[in-house]
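As you go down the protein sequences, you meet chains D and G in turn.
The first sequence lines up with residues 275 to 399 when you count with our numbering.
The second sequence lines up with residues 275 to 399 when you count with our numbering.
Read the hints as simulated data drawn from the structure, not as lab findings.
It is possible that some hints are incorrect.
Intra- or inter-copy, both count: the list cannot distinguish identical chains.
What the hints assert, rightly or not - Pairs of lysine-lysine, BS3-like flavour, derived with a Cα cap of 30 Å:
hint, residue 1, residue 2
1, K377, K394
2, K376, K343
3, K357, K377
4, K394, K282
5, K308, K343
6, K377, K308
Protein chains: 2
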Amino acid sequence: MIQLDFNKTGGLIPAIAQDHATGEILMLAYMNQKAFDATLSSGKATYYSRSRQTLWIKGETSGNVQLVKEIRLDCDNDTVLLKVEQVGGAACHTGHRSCFFKKIEHGAIRVIGEPVFDTKEVYQK
Amino acid sequence: MIQLDFNKTGGLIPAIAQDHATGEILMLAYMNQKAFDATLSSGKATYYSRSRQTLWIKGETSGNVQLVKEIRLDCDNDTVLLKVEQVGGAACHTGHRSCFFKKIEHGAIRVIGEPVFDTKEVYQK
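Only chain D is shown next, with the shape it has when bound in the complex:
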């Protein structure tokens, strides 16, 4: 049994998703124990959605699941690092490859890169 430390952040710890091949950081989300266990057993990145207050298999809606290639923990067991293969090429709900597409330059935000997919097509009702 792997003991994670959920005490410092009220039951949730941050989990970073990094592209296993390029090293690019794709997104950061949160996990509770169930999300961590589900990730471990299924091999698909599973987070806890703070807004929906439920487990969230990343890519459930869009099809852009994250296949987990490696899991790392930090020194004090309160952050998870997932090295993943990002199916569909984009991790962000905006259609960008990475959620970190805003670069700070001279005190202002500049958007880096173009969306990989059209959010209207992927999240159609």
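With chain D's structure known, arrange chain G on it following the hints.
Positioned in the frame of chain D, the structure of chain G alone reads:
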């Protein structure tokens, strides 16, 4: 003025430090507005220490400061990504290059790599 969203996590947001040259993730710590502003103005990664409840210039004690090369924000402005040059080669207080030196293999934790520095020498009283 760059508006970060501190509401969802009670005044603190996670900040990831990534080696700007290799893409290796070095650590994750937390920032409040003051820590973010200090990072922006000083060019040195400055976090908020949850245990000491004060601003924390990374490397203040060890000398292993992080020189900020680039700052990114995520899609909803509640996570910071710092691309840094890690002075001294090690980000972790254990002496490891990265805090993420624990790999999960077959349901158990395996330590990856050796410490870069001797913590007794660096943090001597």
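To see whether the hints hold, each was checked on the structure:
1. K377 / K394: The answer is within: 25 Å in one copy meets 30 Å, while 38 Å across copies does not.
2. K376 / K343: both (27 Å within a copy, 15 Å between copies)
3. K357 / K377: both (23 Å within a copy, 11 Å between copies)
4. K394 / K282: between (38 Å within a copy, 26 Å between copies)
5. K308 / K343: So K308 and K343 pass the 30 Å test inside one copy only (19 Å; across, 36 Å).
6. K377 / K308: between (33 Å within a copy, 19 Å between copies)
Figure legend: structure checked against the earlier numbered hints; every hint is met.
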